[in-house]
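Place chains C and S on chain E using the hints.
Protein chains in written order, with the numbering used here: chain E, 1 to 100; chain C, 1 to 633; chain S, 1 to 165.
Incorrect hints may appear among the rest.
[Unchecked claim] Each computed DSSO-like pair below joins lysine-lysine, with the alpha-carbon atoms no more than 30 Å apart:
(1) C:Lys163 to C:Lys614
(2) C:Lys28 to C:Lys171
(3) E:Lys87 to S:Lys160
(4) C:Lys614 to S:Lys160
(5) E:Lys99 to S:Lys160
(6) C:Lys603 to E:Lys91
(7) C:Lys29 to C:Lys114
(8) S:Lys87 to E:Lys99
(9) C:Lys372 to C:Lys556
(10) C:Lys614 to C:Lys603
(11) C:Lys171 to E:Lys91
(12) S:Lys87 to E:Lys87
(13) E:Lys87 to C:Lys603
(14) S:Lys160 to E:Lys91
(15) E:Lys87 to C:Lys551
(16) E:Lys99 to E:Lys88
(17) C:Lys163 to C:Lys24
(18) C:Lys534 to C:Lys551
(19) C:Lys163 to C:Lys551
(20) E:Lys91 to S:Lys87
(21) C:Lys55 to C:Lys65
(22) E:Lys88 to S:Lys160
(23) S:Lys160 to C:Lys603
(24) C:Lys603 to E:Lys99
(25) S:Lys87 to C:Lys614
(26) S:Lys87 to E:Lys88
(27) C:Lys65 to C:Lys171
(28) E:Lys88 to C:Lys614
(29) E:Lys99 to C:Lys614
These aren't lab readings, by the way, just hints derived from the structure by calculation. Since this is a predicted model, take the numbers as computed values, not measurements.
Residues per chain are reported as follows:
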Amino acid sequence: MIPISYFFVLSIVLFALGILAFFIKRDLITMFMAVEIMLNAANLAFIALAKAAGSLHGQVIVFFIITVAAAEAAVGLAIILLVFRQKKSIKTEDMRLMKG
Amino acid sequence: MTEYFWLIPFIPGASTLVLAVFGKWLPKKYVSYQACLSVLASFVISVVSFLGLLKVSPENLPLVKTLFGWIISGVFSANLSFQLDPLSTIMALVVTGVGFLIHVYSVGYMAHDKGYTRYFTYLNLFTFAMLILVMASNIVLMFVGWEGVGLCSYLLIGFWFEKDSAASAGKKAFIVNRIGDAAFILGIFFILINLGSGEFRAINEAIGGGLVSQGLATLIALLLFVGATGKSAQIPLYVWLPDAMEGPTPVSALIHAATMVTAGVYMVSRMNLLFTLSGVAAQVVALVGALTAIYAATMALTQNDIKRVLAYSTISQIGYMFIGCGVGAYAAGMFHLYTHAFFKSLLFLAAGSVMHALSGELDMRKMGGLRKYLPLTYPTFLIGAIAIAGVPFLSGFFSKDAILTQAFAQRQYFIWALGIMGAVLTAFYMFRLIFLTFFGQERLDAQARAHLHESPRVMTLPLVILAFFSVLAGYVGLPVVLGEKANLFTRFLEPVFQPGHEAGLTMSMEWLLILISVAVALCGIYIAYLFYLKSPHSPHRLVSRFPRVYKLLYNKYYVDEIYNAVFVNPTVKGSEAVYDNFDLKVIDGTINGTAAATGFTGKALSLFQSGLVKDYALALLLGVILFLGYLLL
Amino acid sequence: MAAFLFFLLAVTCVGSVLAMIISRNQAHNALFLVLAFTCLGGLFGLLDAPFIAAVQIIIYAGAIMVLFIFVVMMVNLRQGITREKKKWTLFFSGGLAIVLLVELILAIRGTFFALGRTGGEKTGTPTELGRLLFTDYLYPFEITSVLIIAALVGAIVLVKKGAKE
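Chain E with its partners taken away, still in its complex shape (with noise of 0.2 Å):
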């Protein structure tokens, strides 16, 4: 069988990854996503230890994490919306307002 440590590596470079993407995009729905390819990079981590300590509750925290992952991307995808009704774009240059 597959040693744990390899889901570890796995989740190490979907995180990178997930940073890579964040810092590279510029539009405000793909850094979003970028945000949820972190979070199941952390979610995979967990689930992996729960695997090597044997218990079973690393995947209830993972089960909470995809709950709250799903209630925080539905309000951040809401404010995208609104923030594209008021500035017509979701380039994140255009966001600057707190300059200063």
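Relative to the frame of chain E, chains C and S by itself:
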């Protein structure tokens, strides 16, 4: 009977607190009653304690009551504790007794003043502080009282603070006192370090046990005496007392005649073992006292302000008290303090009465012939003047004579001579005052003349009582010529002052000295009579013969100007220089600079706030990386 | 067999994420992400967590990504958005990502062969998970339901157009 003596300071203290907190809302009549009755209550307790003290045998003295440990810090420790012994009892009686009469007098004198409640608050506060001073059982607590009376002196001298001269006079008093206090504090420190405790009993035991070297005693005694010169207005720190006449007259009577200025004498008497051990210090005390006595008397000769004459007279008389202490006749010095309290406060209060009658006039050149109009003030004033001049059968004679006789007996002939000369001048200037004010031509202002009236009874009654005591108070201290045991006063004070210090003279010598004192006093009075009644032009002729001498005396030997030039102006200029160069540039510069730097840093850091989410995320990421790196390494 | 499955799923996952990064079309990005999540679901299954795998696919790949696609639709951009103009930011962020990667791998270096293998005893059946949820994690469970309601209401309130004047 003596259990409650420790309450003596606290009753006026409680009254002060009430007046200070609630004074604004209390009616005037109530304030008068509370202020006066609190001092009266202290007086009653003082009398009761005195009577109880008579029954206590000398080995049990002093009676000490410790209220609580106030400062407990190794060597520097002091308790809030009071002691009852003959010396503190006499002082307490004088302070509360004369204080009570002056409080009553003030009710009349300050009746129309808008600061009435404030006045009585300060007056009670003074009484509280003074009683702490005289009843303290250790030198640190005494110093608390010492400073307290200095503060009250400042507050009361500058009572009419809207007047520039009064405010300056208050400042001057406090600052000059402070100089003395600096020396006093040094003295306290030396005592604490070398003797281990500030309690008077402990100090006396240490000295008695031979633990104090003569050099150390001299050092401490001299330092303490410098403090005394400040508080008791001797050379060189007397300059504040004449200016202090800016305050209300009852204040001058209480503080600058009867009580505060005598604190120095009390202190020296309390530390008498120290001064006796160090012969040098005692000699210095006597010399300074004698020189001051005559020096101040010369200045009193030329003053035209009625209160200034009395101020210089006070300085001079305190000089006599220090003569007494300096030659080892501490009981005689205290005796003079006691009689002086009566007749000097009488003189001041009577002067206040005269001023009140004349609607505030204090220049003697604008008085004259007043004896017809002031049927109570005149006789009481006269009694006070006779007492201070040293005319026999009144109190001043007994006390002054005791001092001078002892000075002679201790072979301090120079000091005795100065004392005798001072007595002549004293008699002269006092009667000059009497003749100018109450006799001769009327030189009054028309305004004053119109409103001329004798003072109300609340003011004249204390005068009468004080006059009564000025006459009779001396009979507790009859001279030795009338019998070895005749001097009750000295015998009462024996537990405090080692007996047998008063050297003996032959009977005939004593009588001779008495005669000389009397002759000298009568001489002075007669010369004043000649100058101011018989031939009123004599003063002018004398002045025109010696104009420079007159000018020197009139301008108080230019001492104020000298002090200004040598001490005050350089200090002021120096302070201004420090202010410009250090305070403004360095301190303000640092603070403003810090503020500017903070603002600058803020502006610089705000450049990081680009408003872009990505930049913030970048910062986050960097932080995470660094932190992880730290954890890994 | 399991190893083959693992590598297949892993490569697909990473590949679709990479494709997501490269592509400029939002719709394509979303779809690639769906693929990635599905692969992750499979990986969860490999790790003896069948229930979580099912939840992942239903909720993440199903509901959340559908939301994303809806939003992409509503935003309705004609042309794609060009990539970041300044090249140096690319390399800088890439560099940082690599640094983080290395750091994290270093962090777990002690565990490479120590953690055991898949195919053990405990599997995450709904029964087991349910038991844990309703005993140890009851409180968070209830709170989460409140959270979901809040998010629901919030999202609706936010996006509702203002009342007509």
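Hints versus structure:
1. C:Lys163 to C:Lys614: Judged against 30 Å, a Cα distance of about 71 Å means the pair is violated.
2. C:Lys28 to C:Lys171: 29 Å, holds
3. E:Lys87 to S:Lys160: With a Cα-Cα distance of about 17 Å, the restraint between E:Lys87 and S:Lys160 holds, given a limit of 30 Å.
4. C:Lys614 to S:Lys160: Answer holds: C:Lys614 to S:Lys160 is near 28 Å, not above 30 Å.
5. E:Lys99 to S:Lys160: 29 Å, holds
6. C:Lys603 to E:Lys91: 27 Å, holds
7. C:Lys29 to C:Lys114: This hinted pair holds, its Cα atoms lying about 14 Å apart.
8. S:Lys87 to E:Lys99: 23 Å, holds
9. C:Lys372 to C:Lys556: Violated: C:Lys372 and C:Lys556 sit about 33 Å apart, past 30 Å.
10. C:Lys614 to C:Lys603: 21 Å, holds
11. C:Lys171 to E:Lys91: 74 Å, violated
12. S:Lys87 to E:Lys87: Roughly 26 Å separates the two Cα atoms, so the pair holds.
13. E:Lys87 to C:Lys603: 29 Å, holds
14. S:Lys160 to E:Lys91: Holds: S:Lys160 and E:Lys91 sit about 23 Å apart, inside 30 Å.
15. E:Lys87 to C:Lys551: 95 Å, violated
16. E:Lys99 to E:Lys88: It holds: about 20 Å lies between the C-alpha atoms, which stays within 30 Å.
17. C:Lys163 to C:Lys24: 23 Å, holds
18. C:Lys534 to C:Lys551: Holds: C:Lys534 and C:Lys551 sit about 25 Å apart, inside 30 Å.
19. C:Lys163 to C:Lys551: 28 Å, holds
20. E:Lys91 to S:Lys87: 18 Å, holds
21. C:Lys55 to C:Lys65: 18 Å, holds
22. E:Lys88 to S:Lys160: 17 Å, holds
23. S:Lys160 to C:Lys603: 40 Å, violated
24. C:Lys603 to E:Lys99: Cα-Cα ~12 Å, so holds.
25. S:Lys87 to C:Lys614: 15 Å, holds
26. S:Lys87 to E:Lys88: 26 Å, holds
27. C:Lys65 to C:Lys171: 36 Å, violated
28. E:Lys88 to C:Lys614: 20 Å, holds
29. E:Lys99 to C:Lys614: 13 Å, holds
Consistency with the previously given hints fails for numbers 1, 9, 11, 15, 23, 27, ordered from lowest to highest.
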